[in-house]
Amino acid sequence: MKDQASRKERIDRGIKVRTDGLYALMSWRELSYLTLPRFILIAGMLALPFLVPGMYWQRVISIVCIYAILALSFDFLAHYVGLVSLGGAFFIGTGGYIAGILNSYFGVPPFLTVPLAALIGGVVCTVLLLPCLPLKGVYFAIVTLMYPLFMARIIEAFDIFGGTDGLTGIDSFSSSFAEQYFVIAMVLVFLFGIRRFVTTDRGLIFTAIMDNDQAVKASGISITRYKALAVFIASAMGCMAGACLTHIYMWSGISQFALDFSILPIAATVIGGAGTLVGPLIGCLILVPVSELLRDFGTLRIAFYASILVGFILFRSDGIMAFGQRKYEQFERWTQI
Amino acid sequence: MKSNMTSEPKPDMKSDRKPGIKQESKPAPTDPILKIDGLSKAFGGVTALKDVSFDVFPGDVLGIIGPNGSGKTTIVNSITGFIKPGSGRIYFKGKNITGRPPHKIADLGVTRTFQIMRPYHSLPAYKNLVIPLFSPRAKRTGGWRGGGRLGNRQTIAIDILEEIGFERDSYIPFKKTSTLPTGYLKRLELARCLALKPEIIICDEVFSGLSMSEIASMVPLIERLQDEGITIVMIEHRLRELFQVANRVMVLNFGEKLIEGSPSEVMADERVKAAYFGSEEVEEVMTYA
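Top to bottom, those sequences are chains C and G. As numbered in this note's numbering, residues 1 to 337 make up the first sequence, in order. As numbered in this note's numbering, residues 1001 to 1289 make up the second sequence, in order.
Hint data in this document are derived by calculation from the structure and do not stem from the laboratory. Computed from a prediction, not measured in an experiment: that's the story for all the values here. Glycine is no exception: its CB is placed at the ideal position from the N, C-alpha and C atoms. Relax, there's no trap hidden among the hints.
One side of the interface only, derived from the structure: several residues of chain G facing chain C at Cβ under 8 Å:
#1 His1103
#2 Thr1111
#3 Arg1118
#4 Leu1123
Just chain G, same shape as in the assembly (with noise of 0.2 Å):
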């Protein structure tokens, strides 16, 4: 179990995970590498987020999780730039980040996902990662696994892709992304963030739109991303490979933070089960941790 999981009472979900994989402590973390201080946010006369406040700690894989319209979404907009929150603060690493440039804050290594998969559709594959290669954060640290120097882009880009799941030695890197199907767009997605070698990465619905054995083989390509030290915030309606990954989980309801905490704490709560779960499904989950 992980040490900065420090306020959980009982053992959780994960403990029965397979050994080998990400068993290791990590130091107990004092700052949180993300902090979201009382952002609001509203579309007219929508409210999409009323005073929402959590922090993400560093190692950290964070589950945001409610109903459709809960807000789920205009947090990622809000703490990537894409959209101005009306009022609150969100710092990252300390430093007050709100309301900057998306690429600014890309830039600082907060990168995120588009539930809409937004590929390049009229270049191959991995031209599409070339194009974030030549951004200024990964001409200094020289990509995903570059050692702060930049090689040759091309290459970097079949290697990441060969990382993620592309088959190296076919054409499918080569082949244009529209004609991709959507398990290898979901992964083009976090490529494009680990091309820039990020410390954040805000996943916006991953899972939506795979097959089961596609989400099966995206599950452990997470938790590998997690075990080299990126901290990663999902976004998921599939809760059951979430809670098998996120080791904290807040839920959002009516743009209200309803609960945060350990995954077994917030399915136990009743708010939760009425407002998202329905019994039902609460039982399943349960069952299978």
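Looking at chain C on its own, in the form it has when it is part of the complex (with noise of 0.2 Å):
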């Protein structure tokens, strides 16, 4: 107790009022209280690549940019819209080799090969799953799941795209310093992007098919369709990951549609709060360190990063983004009576 004549005051008080997610903002300093978090994360992504030492840790960034594009593309599907998706390596795959082929075969350069990655992998994947999205929890998690299986034996049996070897001397970026940026530039773009498009009108329908599609069915509105809307959005954002990856290894094989790229992001959705869209970055930006680091140990890496998980899993469950979140707004400040 520091004076008889002061008390202990939570800071976003008078702030925050009866209604969730609305401020009245009165001040710089209530301003603040909002925006700071929002701003040290970007500034923090943005000074990433100058504070890691080494061109290794550096390669890690961009890796976990990557993992961080397809968690958000995870969370956003799984917790916005209700189709629980384990085609992160679908995603990926087709991404990488859409992007290979039009390199190796055509010349693209890498600034076009990405976007155009994005947009035709979107309609390819989306194309192929739209057969299972009549499918609902983890039925959809469990046909998606075969997919990235199914095209990396199509294409290990018929020998096409460089077969079991993949597609070699692809173009990298300019520079590190421009494959770093790009990656962390696209993920603070999808991240923005998608928390102010699930909070439009037209993106809560997509919440509205995930609490009650029979009574979307109902409004007169054709499920199907946005759910391929959602699909769409997040395969494009699965593939131009993908392009990315094979830029960044200069070759794309048949590893990219490894069953990593779905089992991951899922471990950082939990891990960094599911339905937050920050926590899957964050979550990211721990396990794949983590994962790099203890690749000293071996194969006994896998357990300690499976207990990491379990631990997370009992006794964080709502995730590092929901508990950090509660903690802020608990914040107090002294303040005279």
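Fit chain to chain and form the complex, with the hints in mind.
Okay, here's the thing in structure tokens:
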């Protein structure tokens, strides 16, 4: 107790009004209370390439961002549309191969292949997933898990696009600096873009489909069309990430359909906080470097990794982001009475 | 008395309704707006509907009653496309709509409420109405009372909610639907239909789960909708209130149509008494009438 004439008060006292998510801002101080976390996130992400030592860890940043985009697309599909997708590897592989084909067969430069791969890949993935759209929950998850395996076997069996060797000799980004800032910018654009989109009235249709698809049908709205749109958005993001991966490794091959790309984003979403959209990014910022650090332990790596996951599920099942947000809102200060 | 009840020999029970509410006569309808022809549906070995046929005329309030499991909700689901009927045809304004997907049927103006309310529970009440206003039909018609051009969706949503009984200058329209009581959710079901500027509303037990006073305030609402020219099909267990608003009643029993006629005709029928009412309740309703 500092003084008899003062008491503790929550910082957000007076800012947060009765309705959730509405704030009455009266001063710069209150404004900064709301915008500071966002600002720190953006500044931190932009400063990241300068903060880490050496080429190796700079490459890790790019990988973190690629996983973050995937995790974002998973979080969007699972918690704003209600489609639990295990097709991360499908998106990465499709995008990766499209970028590889465009670059090695047609000589398209990386800064064009990435958006092209996002568009074409988005369309391809959406069309292929179209028959699964009536499925819900775990059924959709299981079917989407099959797609990357299917694609990998097709490429292997017909020996197309380089077969098991993959496509080699693909152009890299012009510099590692360009590479990192390109993926970081994409993460930030997608993060704030989707956060904005899901709160618009049109974005709420996705939430409505998740809450009650029958009522949406009874409202005269085709849910298949909106689900397809959501899958297109998510798969375009995933394909873009895959295209970046191809240019980073200067190679695209069957291992881009590996299940890591389906599983790790989900783990990151669980750790970071499901449905928060920022959470998956934070989860990736933790999980990918941890996974790199544990490389020295060889195969024991997986055991450590799994224990971290189980620990999070047991003790912080709502995720870091939900926990952090709660603590941030509970910050107190001393005020004079 | 309404002229579309020409087949009725006796004065019906609606003549004692308060004057000024809905006494004006409507032109005699010739073509049914909704024609159900030989509808049958079986779920595995259970026959839910067996060769049910009936017509709904423009401006009608048709009540469908029957014991539990008599196929009432199956009729609603078949008409609105939520299940595919086993056999039979459904015509809307002479057009065969059998087996069309639900959103296409809703797009024609055939709307429904759900017996178990289906709000978007993570959204506030008024956002629940913004969703149907994104439908192609709402865009064409401009929503309930809309003049063909859709204005600001949130404003329209709040307007509809106010008319349907949500207090405007309160925070109730802005509350999440997961926190709203049943009475508001039942109204929200109706409001979702109204947002589409419907031609027909098929109400699946809008009175169930409501208190007596809540039902009493719903009845004038249904009457007002009918006055606006909306055809209503009501599935209901609350007979007293149903007979107050309905001009024709159909009774189902074990998936078969037992009788169709004016409320007084239906109540006088011995088979209906045996199948559904139990003599005591009929007397009670008759006294009320």
